[in-house]
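K.L.:
Take a look at the letters that make up each chain.
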Amino acid sequence: MSEGFISRAFHGRRQPDDVAGRLPPGQYLERGFPVLSAGPTPHTPLERWDFSIGGIVKEPKRWTWQELLALPHETPTVDISCVTKWTKFDTHWEGVSVETLLQQVDYDPNVAHYVIAFSDGGYTTNLPLADVLGGKAWVAFNYEGQPLAPEHGGPARLLVPHLYFWKSAKWVRGLRLVERDAPGFWESLGYHNYGDPWKEQRYQGD
Amino acid sequence: MERTALPGRLTWQLGDVVATQPETARTKSLTLSVPKWVGHLAGQHVDIRLTSDDGYQAERSYSIASPPEDGQQLILTIERLDDGEVSPYLTEELRVGDKLELRGPIGGYFVWEERLGGPLLLIAGGSGIVPLMAMIRHRRAVGSSIPARLLASFRTYEDIIYRDELEREAKAGMAVEVIHTLTRTQPPGWTGYSRRIDAELLREVAWPVEQHPLAYICGPTPFVETAATALLPLGYEPARIKTERFGPTGGPDGQHDT
Chain Z
1 MSEGFISRAF HGRRQPDDVA GRLPPGQYLE RGFPVLSAGP TPHTPLERWD FSIGGIVKEP
61 KRWTWQELLA LPHETPTVDI SCVTKWTKFD THWEGVSVET LLQQVDYDPN VAHYVIAFSD
121 GGYTTNLPLA DVLGGKAWVA FNYEGQPLAP EHGGPARLLV PHLYFWKSAK WVRGLRLVER
181 DAPGFWESLG YHNYGDPWKE QRYQGD
Chain G
1 MERTALPGRL TWQLGDVVAT QPETARTKSL TLSVPKWVGH LAGQHVDIRL TSDDGYQAER
61 SYSIASPPED GQQLILTIER LDDGEVSPYL TEELRVGDKL ELRGPIGGYF VWEERLGGPL
121 LLIAGGSGIV PLMAMIRHRR AVGSSIPARL LASFRTYEDI IYRDELEREA KAGMAVEVIH
181 TLTRTQPPGW TGYSRRIDAE LLREVAWPVE QHPLAYICGP TPFVETAATA LLPLGYEPAR
241 IKTERFGPTG GPDGQHDT
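Top line first, the protein sequences correspond to chains Z and G. Position 6 (the first sequence) corresponds to 6 in this note's numbering; numbering is contiguous. Position 176 (the second sequence) corresponds to 176 in this note's numbering; numbering is contiguous.
Hints may contain errors.
Restraint ranges, calculated between C-beta atoms of paired labels, are given here [unchecked claim]:
1. Z:GLY205 x G:GLY143: 29 to 39 Å
2. Z:ASP106 x G:LEU232: 37 to 47 Å
3. Z:ARG62 x G:ASP54: 52 to 62 Å
4. Z:GLY145 x G:VAL38: 44 to 54 Å
5. Z:THR64 x G:ARG196: 32 to 42 Å
6. Z:ARG180 x G:THR191: 55 to 65 Å
7. G:ASP16 x Z:LEU71: 55 to 65 Å
With a cut-off of at most 30 Å between alpha-carbon atoms, the simulated BS3-like pairs for lysine-lysine come out as follows [what the hints assert, rightly or not]:
8. Z:LYS136 x Z:LYS58
9. G:LYS36 x G:LYS99
10. Z:LYS199 x Z:LYS88
11. Z:LYS136 x Z:LYS61
12. Z:LYS199 x G:LYS99
13. G:LYS28 x Z:LYS88
14. G:LYS28 x G:LYS171
15. Z:LYS199 x G:LYS36
16. G:LYS28 x G:LYS99
Not everything, but these chain Z residues come out facing chain G in the computed CB check (under 7 Å) [claimed, not checked]:
17. ARG8
18. PHE10
19. ARG13
20. GLY190
No lab work stands behind these hints: they were computed from the structure. Idealized CB from N, CA, C, for every residue including glycine.
Please model the entire structure based on the sequences and the hints provided.
P.N.:
Listed below in structure tokens is the structure:
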């Protein structure tokens with residue numbers, strides 16, 4: 001209904017082509033690292049921290065902090081996009097790929113189609129299993145060469161950079177494999193169920 | 001956690017700017033008439049989209065300052081960020097008679113309705129007061145007797161947003177208690193706080209936890225981190241501390257994060 005509308009006397013600040021081509025629609029380039037969360041920052045001591053994979057698996061699997069760190073690390077450099085419209089280029093992370101974790105779990109890929117990531121503080125987010133396999137998702141614990149700060153999700157957060165950043169659950173503590181999709185925290189509050197920045201899937205119905 | 005799902009698709013629509021009101025040297029309220037507005041809850045925000053004549057677009061999110069009871073009239077209070085792309089346009093260029101493209105409402109967590117109870121502890125850093133003002137106005141509009149206390153931090157007296165309205169509000173029956181802290185300079189005779197918020201200040205201001213308070217904190221990230229962290233040792237339940245953060249650096253001039 002507002003097709004073709006032009007904002008009077010708005011000129012904007014265009015980015016160079018190489019930047020503009022890398023920005024998903026409706027996003028702007030951010031050089032800081034804004035923080036987004038719905039409640040207080042949880043602080044779980046590392047000696048009590050663990051990461052678990054459960055749900056429809058033959059046997060739930062759990063890693064202590066030390067056990068997680070002992071797994072092969074990867075160091076992805078990725079662009080991240082938040083639904084609040086900032087995109088940050090070339091962020092450097094270190095973590096364990098979700099694929100590496102899932103390789104240690106016995107599950108039936110014909111039945112387990114989705115994962116629910118869950119976090120300290122009660123946050124959840126849902127993703128298709130395929131979106132956390134194939135080197136597309138990590139449990140990340142270092143950011144720019146430093147331990148991930150609590151306000152950014154430390155000690156560890158999910159990193160799923162091809163989706164809006166609310167899918168990269170902060171303070172993540174595990175994944176639950178499920179057969180049927182179920183909306184997580186923001187997905188229940190009007191945000192898009194999948195959240196592809198390149199399709200600008202911000203809100204329900206986008 | 002309470003959930004208020006947003007039904008259907010959020011389509012872009014046009015609002016008419018029907019009034020503008022400077023609040024401080026850096027902030028301005030825009031009143032928009034949005035004929036097809038579906039209503040909102042106090043605390044929600046909208047996305048704004050600006051389009052130039054060659055099709056270039058910029059989007060940002062801004063809090064709604066007006067209560068749901070205002071119907072199809074929405075008030076946005078915008079803080080001008082000098083290096084921003086959108087906020088200077090909204091605060092300096094846009095005028096009565098212009099149209100603005102928006103969609104919403106967005107965000108179903110940082111919201112307050114009377115049924116959620118209280119007492120309410122509203123903690124604002126700078127323009128983080130905007131969604132909290134929607135809650136204060138909503139509380140007044142529905143005649144709620146739920147006790148409410150606002151702690152708002154600004155740099156100087158002149159930076160206080162909604163100062164006159166809050167002074168009137170504080171004098172009304174069933175008033176919101178308004179507590180200001182000025183972190184940079186204070187006028188002669190200032191009786192409020194004169195420092196950045198800290199654990200001790202919050203201990204003095206916060207409702208006793210036995211009253212099962214509900215806290216809403218909005219402001220720049222370090223402010224929100226400090227306030228939310230300080231409420232935990234007082235016994236506040238994490239699930240009853242709702243936060244919304246914006247900032248902290250460089251480019252962003254959307255007011256809101258989710």
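K.L.:
Does each hint fit the structure? Answer for all of them.
P.N.:
Comparing the hints with the structure gives:
The given range of 29 to 39 Å is respected by Z:GLY205 and G:GLY143, whose C-beta atoms sit roughly 35 Å from each other. Z:ASP106 and G:LEU232 have their C-beta atoms about 39 Å apart, which keeps the hinted 37 to 47 Å range intact. Between Z:ARG62 and G:ASP54 the beta carbon distance is about 55 Å. The supplied range of 52 to 62 Å therefore holds. A hinted range of 44 to 54 Å for the beta carbons of Z:GLY145 and G:VAL38 is consistent with their spacing of about 47 Å.
The hinted window of 32 to 42 Å between Z:THR64 and G:ARG196 holds, with their beta carbons roughly 38 Å apart. The hint said 55 to 65 Å for the Cβ distance between Z:ARG180 and G:THR191, and at roughly 59 Å that hint holds. G:ASP16 and Z:LEU71 have their C-beta atoms about 58 Å apart, which keeps the hinted 55 to 65 Å range intact. Our distance criterion of 30 Å between C-alpha atoms is met by Z:LYS136 and Z:LYS58, whose separation comes to about 24 Å.
For the proposed pair G:LYS36 and G:LYS99, the alpha carbon gap of about 14 Å is at most 30 Å, so the pair holds. Among the hinted pairs, Z:LYS199 with Z:LYS88 is consistent with the structure: their alpha-carbon atoms are about 18 Å apart, no more than 30 Å. A C-alpha spacing of about 21 Å is found between Z:LYS136 and Z:LYS61, which places the hinted pair at or below 30 Å, so the restraint holds. The straight-line distance between the Cα atoms of Z:LYS199 and G:LYS99 is roughly 26 Å, inside the 30 Å bound, and the hint therefore holds.
Under the criterion of a C-alpha separation no larger than 30 Å, the hint pairing G:LYS28 with Z:LYS88 is consistent with the structure, at around 29 Å. The straight-line distance between the Cα atoms of G:LYS28 and G:LYS171 is roughly 24 Å, inside the 30 Å bound, and the hint therefore holds. The suggested pairing of Z:LYS199 with G:LYS36 holds, with an alpha-carbon distance near 25 Å, which does not exceed 30 Å. Note on G:LYS28 and G:LYS99: the hinted pairing holds, with a Cα-Cα distance of about 16 Å set against a maximum of 30 Å.
Proximity of Z:ARG8 to chain G holds as hinted, the smallest CB-CB distance being about 6 Å (cut-off 7 Å). Satisfaction of the interface hint for Z:PHE10 is found here, the shortest Cβ-Cβ separation to chain G being roughly 5 Å, below the 7 Å cut-off. For Z:ARG13, the interface hint holds, the least distance from its beta-carbon to any beta-carbon of chain G being 5 Å, beneath 7 Å. A distance limit of 7 Å between C-beta atoms decides the matter here; for Z:GLY190 the minimum to chain G is near 3 Å, and the interface restraint holds.
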